[in-house]
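Asker: From first to last, the protein sequence lines are chains U and A. Residues 1 to 465 in the working numbering are what the first sequence spells out, letter by letter. Residues 1 to 465 in the working numbering are what the second sequence spells out, letter by letter.
The set of hints was computed from the structure by calculation and includes no laboratory data. Check before you lean on any hint, since a few could be wrong.
The list makes no distinction among identical chains, and a pair is therefore deemed to hold if it is satisfied within one copy or across any two copies.
[Stated by the list, open to error] Below are the DSS-like pairs computed for lysine-lysine, each with C-alpha atoms no more than 27 Å apart in a straight line:
#1 Lys217 <-> Lys306
#2 Lys306 <-> Lys205
#3 Lys44 <-> Lys271
#4 Lys271 <-> Lys413
Note that the structure is predicted; figures quoted are calculated from it, not measured.
There are 2 protein chains.
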Amino acid sequence: MSPEEFRAAAHQAVDWMADYLRDIRDYPILPNVEPGDLIARLPKQGPEHGESIDAIFEDFRNVIVPGLTQWNHPRFFAYFSNSASGPGILGEMLAAVLNANPMLWKTGPAAAELEQISLGWLRQWLGLPEEFFGIIHDTASTATFHAVVAAREAAGVTAAPLVLYTSEHANLSVDKAALAAGVQRGNIRHIAIDDEFRMRPNDLKAAIEADLAAGYKPFCVVPTLGTTSSTSLDPVPEIAAIARRHNLWLHVDAAYAGPAAILDEYRYIFKGCELADSIVLNPHKWLFTPVDLSAFYTRRPEVFRKALSLDQAPAYLLGASTNAVNLSEYTVALGRRFRALKLWFVLRYYGREGIAEILRGHVRMAREFADRLAAHPRFELAAPVLFSLVCFRMIGSDDENRELLERVNRTGKAFLSGTVLKGRFVLRLSIGNIATTFEDVLETWELIKSLVPAPQSLPDDAPER
Amino acid sequence: MSPEEFRAAAHQAVDWMADYLRDIRDYPILPNVEPGDLIARLPKQGPEHGESIDAIFEDFRNVIVPGLTQWNHPRFFAYFSNSASGPGILGEMLAAVLNANPMLWKTGPAAAELEQISLGWLRQWLGLPEEFFGIIHDTASTATFHAVVAAREAAGVTAAPLVLYTSEHANLSVDKAALAAGVQRGNIRHIAIDDEFRMRPNDLKAAIEADLAAGYKPFCVVPTLGTTSSTSLDPVPEIAAIARRHNLWLHVDAAYAGPAAILDEYRYIFKGCELADSIVLNPHKWLFTPVDLSAFYTRRPEVFRKALSLDQAPAYLLGASTNAVNLSEYTVALGRRFRALKLWFVLRYYGREGIAEILRGHVRMAREFADRLAAHPRFELAAPVLFSLVCFRMIGSDDENRELLERVNRTGKAFLSGTVLKGRFVLRLSIGNIATTFEDVLETWELIKSLVPAPQSLPDDAPER
Numbered sequence: 001m002s003p004e005e006f007r008a009a010a011h012q013a014v015d016w017m018a019d020y021l022r023d024i025r026d027y028p029i030l031p032n033v034e035p036g037d038l039i040a041r042l043p044k045q046g047p048e049h050g051e052s053i054d055a056i057f058e059d060f061r062n063v064i065v066p067g068l069t070q071w072n073h074p075r076f077f078a079y080f081s082n083s084a085s086g087p088g089i090l091g092e093m094l095a096a097v098l099n100a101n102p103m104l105w106k107t108g109p110a111a112a113e114l115e116q117i118s119l120g121w122l123r124q125w126l127g128l129p130e131e132f133f134g135i136i137h138d139t140a141s142t143a144t145f146h147a148v149v150a151a152r153e154a155a156g157v158t159a160a161p162l163v164l165y166t167s168e169h170a171n172l173s174v175d176k177a178a179l180a181a182g183v184q185r186g187n188i189r190h191i192a193i194d195d196e197f198r199m200r201p202n203d204l205k206a207a208i209e210a211d212l213a214a215g216y217k218p219f220c221v222v223p224t225l226g227t228t229s230s231t232s233l234d235p236v237p238e239i240a241a242i243a244r245r246h247n248l249w250l251h252v253d254a255a256y257a258g259p260a261a262i263l264d265e266y267r268y269i270f271k272g273c274e275l276a277d278s279i280v281l282n283p284h285k286w287l288f289t290p291v292d293l294s295a296f297y298t299r300r301p302e303v304f305r306k307a308l309s310l311d312q313a314p315a316y317l318l319g320a321s322t323n324a325v326n327l328s329e330y331t332v333a334l335g336r337r338f339r340a341l342k343l344w345f346v347l348r349y350y351g352r353e354g355i356a357e358i359l360r361g362h363v364r365m366a367r368e369f370a371d372r373l374a375a376h377p378r379f380e381l382a383a384p385v386l387f388s389l390v391c392f393r394m395i396g397s398d399d400e401n402r403e404l405l406e407r408v409n410r411t412g413k414a415f416l417s418g419t420v421l422k423g424r425f426v427l428r429l430s431i432g433n434i435a436t437t438f439e440d441v442l443e444t445w446e447l448i449k450s451l452v453p454a455p456q457s458l459p460d461d462a463p464e465r
Numbered sequence: 001m002s003p004e005e006f007r008a009a010a011h012q013a014v015d016w017m018a019d020y021l022r023d024i025r026d027y028p029i030l031p032n033v034e035p036g037d038l039i040a041r042l043p044k045q046g047p048e049h050g051e052s053i054d055a056i057f058e059d060f061r062n063v064i065v066p067g068l069t070q071w072n073h074p075r076f077f078a079y080f081s082n083s084a085s086g087p088g089i090l091g092e093m094l095a096a097v098l099n100a101n102p103m104l105w106k107t108g109p110a111a112a113e114l115e116q117i118s119l120g121w122l123r124q125w126l127g128l129p130e131e132f133f134g135i136i137h138d139t140a141s142t143a144t145f146h147a148v149v150a151a152r153e154a155a156g157v158t159a160a161p162l163v164l165y166t167s168e169h170a171n172l173s174v175d176k177a178a179l180a181a182g183v184q185r186g187n188i189r190h191i192a193i194d195d196e197f198r199m200r201p202n203d204l205k206a207a208i209e210a211d212l213a214a215g216y217k218p219f220c221v222v223p224t225l226g227t228t229s230s231t232s233l234d235p236v237p238e239i240a241a242i243a244r245r246h247n248l249w250l251h252v253d254a255a256y257a258g259p260a261a262i263l264d265e266y267r268y269i270f271k272g273c274e275l276a277d278s279i280v281l282n283p284h285k286w287l288f289t290p291v292d293l294s295a296f297y298t299r300r301p302e303v304f305r306k307a308l309s310l311d312q313a314p315a316y317l318l319g320a321s322t323n324a325v326n327l328s329e330y331t332v333a334l335g336r337r338f339r340a341l342k343l344w345f346v347l348r349y350y351g352r353e354g355i356a357e358i359l360r361g362h363v364r365m366a367r368e369f370a371d372r373l374a375a376h377p378r379f380e381l382a383a384p385v386l387f388s389l390v391c392f393r394m395i396g397s398d399d400e401n402r403e404l405l406e407r408v409n410r411t412g413k414a415f416l417s418g419t420v421l422k423g424r425f426v427l428r429l430s431i432g433n434i435a436t437t438f439e440d441v442l443e444t445w446e447l448i449k450s451l452v453p454a455p456q457s458l459p460d461d462a463p464e465r
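Here chain U stands alone, though its shape is the one from the complex (with noise of 0.2 Å):
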């Protein structure tokens, strides 16, 4: 494809793209497909000869795009609501011209160091010590599993099994990161969460002095703030007291809440995390940059390196600086992206005034919503909101709840997604995405109480409250 050809076909695609943002809530969230649709549609076989890219481009608009779930609609209020905001997708347009692959400082100086600059500007807003070394992961599940893997190094050899903590309502990639590191999965320990479903400390060190007097070896803890559930934070401090009684590696999962400390009303929730030997948050959930970017602190870089680089460089990378960061020394993955670019775009775009601004108008709908909902005499709210996720429940049964959110995403126009709290079933909307107005936030509400089944029409069934 000749740079002329790219031109016109990267105009082409840049129409669709705006058309796209401009139109997307012409889209169905949900798509109306069954698993195998696509397969069922494509060519079993891939082309002999090559295709024009206006075919391609009209199979992706017509087959693709309508089969896809549209996360970057801002009425997608799912499991986290994020987004994809102009500038970040910018940036991620002019790093795949260029395909940097800054693995060493050598191989890109000005991608590793924009890697450096911009969690520098970020762990500044958030407030972070200046201690923590930042470094870009895919995903917090990556960036989790790499603290564990720390924390392992950092244990030291034993033939004590090594134990990990974390609290019931940890995200899934907490026991997949511990799993991945070899820990036998016996040997993740789920603490108990208290009422408003924080970890209990008391439980965390109950556990841990049981382990020990049975002969394991605890090495690591794994708070939250902000759980998937339902956003709740563990209590840092109390947790961080603990892991230095006992020597535990201390990961802090902030994947969702983590951004909000740039707000000064939650700075408070980052507090006791300057005892953290890790902290990790999703710029690519609620901070309008383009999955997958997420950051990574920690204060012990040598630790991941130490578990992890080779006690001489190969011979083929033989002439790469050693006077400077060569960052997939930290990593397991050797390439990378040039990640930093699209986290520098959007910084810089918004500012930090601008990026507080939105996350409070987030906070804000949610508690509108909330207050709608806890107001309504057939709803009820099933956990604080503390950030700009809603946990809520119809008065009913769980099935009753499970077919209400069918219901809402049934038509398209809202996606919303499920959980678990106290044993019931409740549903969860979160707010993240860039675009999405109060209007969004009202007119679902209105689209939640328009598909609530009349009472009378389910007489056998009792509210359970």
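Chain U is fixed; fit chain A onto it per the hints.
Answerer: Relative to the frame of chain U, chain A by itself:
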């Protein structure tokens, strides 16, 4: 950023991108910068208030780009040369605006299925059996790490220390993968290579037997197809037979050479791979796909699932389809980018025949370069030219060769790398960029020759030959 502001900015970006592709030969490949230069030039703090996209673009062009190593340059011949082709870049652009995250089938049906479709097409082109399940990882390092985790799972719980086997010339990612999975540093065996840099099967056999006798647990062997130093091919059929006898997981690292199997004349390289438990190859290396995209195939996907997925789905993922493949169940990372799109664009735009023609051209260019070099009295080949990499040295000392490499790279006109073969420093010229022409290679050959010091200028330094 409104859709219309995005449209205007993105058209501007596209013009820069097309200009960059057109004018890329004008850029010095290696930037003239020292560690810390960018850090010194950019503000120490992020901006309080948002900035205009024009200001950001200006800094991108004037400060970032000149500080990069230009990976997409047709005379980037270092490491393994690669490229972001036009269709691949278009795929990345569209993926960025969609922001799809096909972690579960339900969260991106068409994205999840396109991953299976595009890896299926590629699998057929490579001649791999149908039972190989394909999944995309960011890098071969991550893919190999997953293979080692699956190998560990397949080995079962054992008190004996796990031992992994690879060759002296394996990529460092194999060591990293083993370390990350918890294999002790001393239990990674680097089996000796023969005169053509291939793992010696008899040495592998002997090492396994010695380890078994000493109470170790051999669990995994990783041969390489296309080693990083010289593109040598480990003898997979013999290694597979040994792996089978001792019940070792066989993971084949075909990161670089794998795509060559698309050509009839290279189909032989995958001989024995039908017995492999897993194979990785990198479309972002020699298949014109922007970094990052590694294609990973396994005959035993269930082992990955067993190693990494939880006994039951977490509450917040309730309602996810269970009668479809949920890709994140096979990986450490829960979130996933829509990477399949760029690969699908590349496979369709070029077609099998088009890709084969480009790969053949690269091999032809490498042979032409090697022929000229072999015929020159001051140079010698340092390894067989099996694919598109030429390893060579100037007849002279290691220091002279290192100095020659430095001189070439300092011109900014070409970027080669070095390695050590048979104890001697050699230069590597790797051809893999889709825009590389025969003229690029010939002019680089002229450049290299022009930088060879006159023999009389080195009276005290007799050639070692």
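Asker: Next step is simple, just say for each hint if it's right about the structure.
Answerer: We went through each hint and held it up to the structure:
1. Lys217 <-> Lys306: both (21 Å within a copy, 25 Å between copies)
2. Lys306 <-> Lys205: neither (29 Å within a copy, 31 Å between copies)
3. Lys44 <-> Lys271: Cα proximity of Lys44 and Lys271: across copies only (24 Å, versus 55 Å in one copy).
4. Lys271 <-> Lys413: neither (39 Å within a copy, 52 Å between copies)
Checked against the numbered hints above, the structure breaks hints 2 and 4 and satisfies the rest.
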